[in-house]
Amino acid sequence: MAQELPNKSVIYERQLDVNFADLMQSMPGGENLRRCIQCGTCSATCPFSHVMDYTPRKIIYLIREGFKEEVMSSFTPWLCASCFSCRVRCPKEIKITDLMYLIKREAIKNNHYPPKTPIVSLTKESVKMIHKNGRISEGYLMGIVLLKVSFLKLLRMSGLGLKMLLTGRFPLIPEKIKRHGELKKILAFSNKK
Amino acid sequence: MSTNNKEIRIGFYICHCGTNIAGVVDVDKIREFIAKKDNVVVSRNYKYMCSDPGQELIQKDIQEHRLNRIVVASCSPLLHEKTFRNTLEKAGLNPFYLQMVNVREHVAWVHSDNEKATEKAKALCNAAINRVRYNKPLEKKRVPFHQDVLIIGGGIAGIHSALILASAGKKVYLVEKKPTIGGHMAMFDKTFPTLDCAACILTPKMSAIKENKNVVLWTNSEVIKVEGYVGNFKVTIKRNPRYVREDLCIGCGQCIESCSYKEAKYPDEFNLGLSKRKPIYIPFPQAIPNSAIIDDKTCIHFKMGKCKQMCLSACERNAIDFNQKEELREIQVGAIIVATGFKIYDPQKEPEYGYGVYPNVYTSLEVERLINASGPTAGEVILRDGTKPKSIGIIHCIGSRSEKANKWCSRVCCMYSLKLAYLLKKHTHAEIYNFYIDMRTPGKMYEEFYDRLLMERVHFIRGKVAEVTDISLVKEEEGKLILRVEDTLASVIRRIPVDMVVLSVGLEPSEDTQKLAHILNIGLSAEGFFQERHPKLAPVSTFSEGIFIAGCCQGPKDIPDTVAQAGASAAEAMAMIDAGYFEIEPITAHVLDEFCSGCKSCINICPYSAISYDESKKKVFVNETLCKGCGTCSATCPSGVMKQNLFEDDQILNEIEGLLVYE
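Chains as they are written, first to last, in the working numbering: chain A, 1 to 193; chain B, 1 to 663.
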């Protein structure tokens, strides 16, 4: 920034992106975000909101007021378990879960997300794997993700992995779905859009 | 105690009120206890005395046992005294031979020790038996009702009431202090939530006032004296000179054109000083009466006495009359409707908002004029410094919800702020910020309007701006007004630079409310608005019979509620007028003429101005129609000759005796 801000804890309007809300509103999931009346039902119903840095209610407010940096570097969307409770209970029919996916898509597209988040790698690798094989093979996926995020963690979890491997719940070789070509066509079509 | 009077035959009834009373008070014991008292002929208990069979029981006993005094021990007389008085009347007994004992609210509901409660009930019932012996028959009085109505205030409330009464054929005097009717509503641009234009819906009603033969419209006038009482008010109205004859002027504006002042120089009241007017002017194009007025404080003729009086010669209809004088008119009316509206809070009381310091800080009412097509800028939002705003901050709750200013929520500010946000957005395409504490949208289609605004890309920031300043800290803030606010939903402090600030000012009692309350002898609530008789069940009545209140003079409210109250006031006034008479309770004071010394102690102490002094007799007399029976005069009279019906000394003293010695 050109000029040093006199007080870092005060938010100046130039730190905000006035077009952020419009951008988010224009994409699937963000349609109703301006209708939010900040009741907090989403945050109270969310099983994970207590560990989130911003509650879902606050995420919506921050989007609306242009706090792009705060939203994009928040863990909240990455912690979303897609249980859809917020979506079901929202009085203003805001597709909050979809909105979380929207933030995640934007984050991956622009390489703008909280650093060292295993969930980002997990998401990326899952999508990659679905494109490649048409399904996820948990053992293989976990191996790759943990390798990328933390080798120590991989070692720590290897005991559990080994057990699951022995009971046949954790195939090491990635599996493929039948008629994978058809799925590829669908994915290609949706990506074109 | 005079118990030798064999004529007195008392009937005593104690009500169970289901288990309300009987669950605590031993009603059988009370019945037996009272039955033994002198003069008591009948003593009964019954499940619900107020029910039809309960009342029939009393009526039958009165006839069969020739009872001439009745004591009912039940609930508060506020609830059923009327019921039982009617019962006595139906049985041919004077209703004031009834005495009620409140053994529910005063005994059963407030005590848990059944035995002690029963003892208390015994004492209270005995006191009533003792007292009822001395009750005297009283007659209700009927006062004839004058058919005309006075309405004070020509805003939407007064206009609506006047039109309803006039359509029912009643003669209405509509008195307005300003030179035109229309009130605040005439100043508004659009109305929430439907956004229909205020003038479009108001001016037809204003014209209807002018056209209606049953309405006498006196603008530029004030009520200065009200005498008399319900059905027979004598009102004195001061008509201030307009210097233009309303009956001749057609509002052509020739006089204004020809005024010696070539340029308009004086702040235009209707546009809140945002534009200028000449000493002779018409407040606004649709003003009613559509007649010019000369402001004698600024007109050269009145100021210096030397003017060519061009207006006089310009007027083809010879409507201008510099010799008009203030006039006093006296009228007789039966009922009065007060609809004097409100005034807006003066934001200069809170200097942190910079009103009057920074030219681009406006009150919401000023913005109404600014966006109005017939306003000072013909509807273009141009600031005082000549620029067009690119960003606008609307600060809610200015002067409301504050111990420092007004404690109340002004009820309309959230909605009009939403409306202004919408209109300003349409007019300027500026970035609009709303700063609110709570968003209050209670009303039909109001929350829906808020939802609509949310979708209009308007910012809603929860937090009250703490200060408006022009001291910039970063480059982008230079030349702007900076609003410092806690964004309580994002939990951060923000500085938001804007070009224009709108202060959503609250509503408070209009200037002359206190004066008028004194003239009309009606009460004010703690906030200074007129006090309604009951907040829920008598919202347009006052404690003075025949005087009603409507609209914002009773408390802040929006146009739909104001119109509803105006209709209610008209209907309540009409009910009284059409009855043709008014019945007054005989519980009033009277003087024993021969003993009054004429000391006048009672005159000033009477809260209802019901006592006057008769110069010829050198004695006071009570106007029974005005008297509310509060008893203050009886207690004050040094000679003890001011008597209060139903509360005479022997009645009260015997009641006390009965209370103290009851076994």
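The set of hints was computed from the structure by calculation and includes no laboratory data.
Keep in mind that a hint or two might mislead.
[Said to hold, decoys possible] Calculated lysine to aspartate or glutamate pairs in the DMTMM-like style (CA-CA distance at most 25 Å, straight line):
no., chain 1, residue 1, chain 2, residue 2
1, A, K92, B, E263
2, B, K297, B, E263
3, A, K92, B, E456
4, A, K8, B, E352
5, A, K92, B, E64
6, B, K643, B, E572
7, B, K425, A, E175
8, B, K475, A, E69
9, A, K8, B, E326
10, B, K536, B, E572
11, B, K234, B, E477
12, B, K426, A, E69
13, A, K8, B, E115
14, B, K426, A, D17
15, B, K464, A, D17
16, B, K390, B, E380
17, A, K8, B, E330
18, B, K475, A, E31
19, B, K600, B, E572
20, B, K178, B, E352
21, A, K92, B, E431
22, B, K388, A, E31
23, B, K238, B, E476
24, A, K8, B, D614
25, B, K171, B, E326
26, A, K8, B, D487
27, B, K425, A, E125
28, B, K343, B, E431
29, B, K480, A, D17
30, B, K178, B, D593
31, A, K8, B, E511
[Said to hold, decoys possible] Partial chain A-side listing against chain B, Cβ under 10 Å, derived:
no., residue
32, R14
33, N32
34, T41
35, S150
36, F151
Backbone N, C-alpha and C fix where the C-beta goes; we use that ideal spot for every residue, glycine too.
Evaluation of the provided hints:
1. Restraint check: the Cα-Cα separation between A/K92 and B/E263 comes to about 55 Å, which exceeds 25 Å; the hinted pair is violated.
2. Between B/K297 and B/E263 the alpha-carbon distance is near 17 Å, which keeps this suggested pair within the 25 Å criterion.
3. With a C-alpha separation of about 16 Å, the suggested pair A/K92 and B/E456 falls inside the 25 Å cut-off, and the hint holds.
4. This hinted pair checks out: A/K8 and B/E352 have alpha carbons roughly 24 Å apart, not beyond 25 Å.
5. For the hint pairing A/K92 with B/E64, the CA-to-CA distance comes to about 70 Å; that exceeds 25 Å, so the pair is violated.
6. As the CA atoms of B/K643 and B/E572 are separated by approximately 33 Å, the hinted pair breaks the 25 Å bound.
7. For the hint linking B/K425 to A/E175, the alpha-carbon distance of about 57 Å lies beyond 25 Å, and the restraint is violated.
8. For the suggested pair B/K475 and A/E69, the alpha carbons sit about 21 Å apart, so the restraint of at most 25 Å is met.
9. Restraint check for A/K8 and B/E326: the C-alpha separation of about 66 Å exceeds 25 Å, so the hint is violated.
10. Between the alpha carbons of B/K536 and B/E572 the distance comes to roughly 15 Å, so the proposed pair stays at or under 25 Å and holds.
11. Our distance criterion of 25 Å between C-alpha atoms is broken by B/K234 and B/E477, whose separation comes to about 62 Å.
12. Proposed proximity of B/K426 and A/E69 is contradicted: the alpha carbons are some 30 Å apart, above 25 Å.
13. A threshold of 25 Å between alpha carbons decides the hint, and for A/K8 with B/E115 the separation of about 73 Å lies outside it, so the pair is violated.
14. This hinted pair checks out: B/K426 and A/D17 have alpha carbons roughly 22 Å apart, not beyond 25 Å.
15. For the proposed pair B/K464 and A/D17, the alpha carbon gap of about 22 Å is at most 25 Å, so the pair holds.
16. Of the supplied pair hints, the one linking B/K390 and B/E380 holds, its CA atoms being roughly 13 Å apart against a limit of 25 Å.
17. Taking the CA atoms of A/K8 and B/E330, the gap is about 71 Å. The hint is violated against a cut of 25 Å.
18. The hinted pair formed by B/K475 and A/E31 fails the criterion: a straight-line CA distance of about 34 Å is larger than 25 Å.
19. The hinted pair formed by B/K600 and B/E572 fails the criterion: a straight-line CA distance of about 36 Å is larger than 25 Å.
20. Proposed proximity of B/K178 and B/E352 is contradicted: the alpha carbons are some 32 Å apart, above 25 Å.
21. A hinted pair counts as satisfied when its Cα atoms are at most 25 Å apart, and A/K92 with B/E431 qualifies at roughly 24 Å.
22. Proximity of B/K388 to A/E31 is assessed by CA-CA distance (about 31 Å); at most 25 Å being required, the pair is judged violated.
23. With a CA separation close to 57 Å, the supplied pair B/K238 and B/E476 exceeds the 25 Å bound.
24. For the given pair, A/K8 sits about 81 Å from B/D614 by alpha-carbon distance, which is inconsistent with the 25 Å threshold.
25. Using a Cα cut-off of 25 Å, the hinted pair B/K171 and B/E326 holds, with the two alpha carbons roughly 24 Å apart.
26. Restraint check for A/K8 and B/D487: satisfied, since their Cα atoms lie roughly 16 Å apart, inside the 25 Å limit.
27. For the proposed pair B/K425 and A/E125, the alpha carbon gap of about 46 Å is over 25 Å, so the pair is violated.
28. A hinted pair counts as satisfied when its Cα atoms are at most 25 Å apart, and B/K343 with B/E431 does not qualify at roughly 30 Å.
29. With a C-alpha separation of about 19 Å, the suggested pair B/K480 and A/D17 falls inside the 25 Å cut-off, and the hint holds.
30. Note on B/K178 and B/D593: the hinted pairing is violated, with a Cα-Cα distance of about 48 Å set against a maximum of 25 Å.
31. Restraint check for A/K8 and B/E511: the C-alpha separation of about 47 Å exceeds 25 Å, so the hint is violated.
32. Among the interface hints, the one on A/R14 holds; its C-beta lies about 5 Å from the nearest C-beta in chain B, closer than the 10 Å criterion.
33. Here the hint on A/N32 is kept, as its CB sits about 9 Å from the closest CB of chain B, short of 10 Å.
34. For A/T41, the interface hint is violated, the least distance from its beta-carbon to any beta-carbon of chain B being 15 Å, above 10 Å.
35. Given the 10 Å rule on beta carbons, the hint for A/S150 is violated: about 32 Å separates it from the nearest Cβ of chain B.
36. With 10 Å as the threshold, the beta carbon of A/F151 stays out of range of chain B, its nearest partner Cβ sitting at about 38 Å, so the hint is violated.
Figure legend: structure checked against the earlier numbered hints; hints not met, in rising order: 1, 5, 6, 7, 9, 11, 12, 13, 17, 18, 19, 20, 22, 23, 24, 27, 28, 30, 31, 34, 35, 36.
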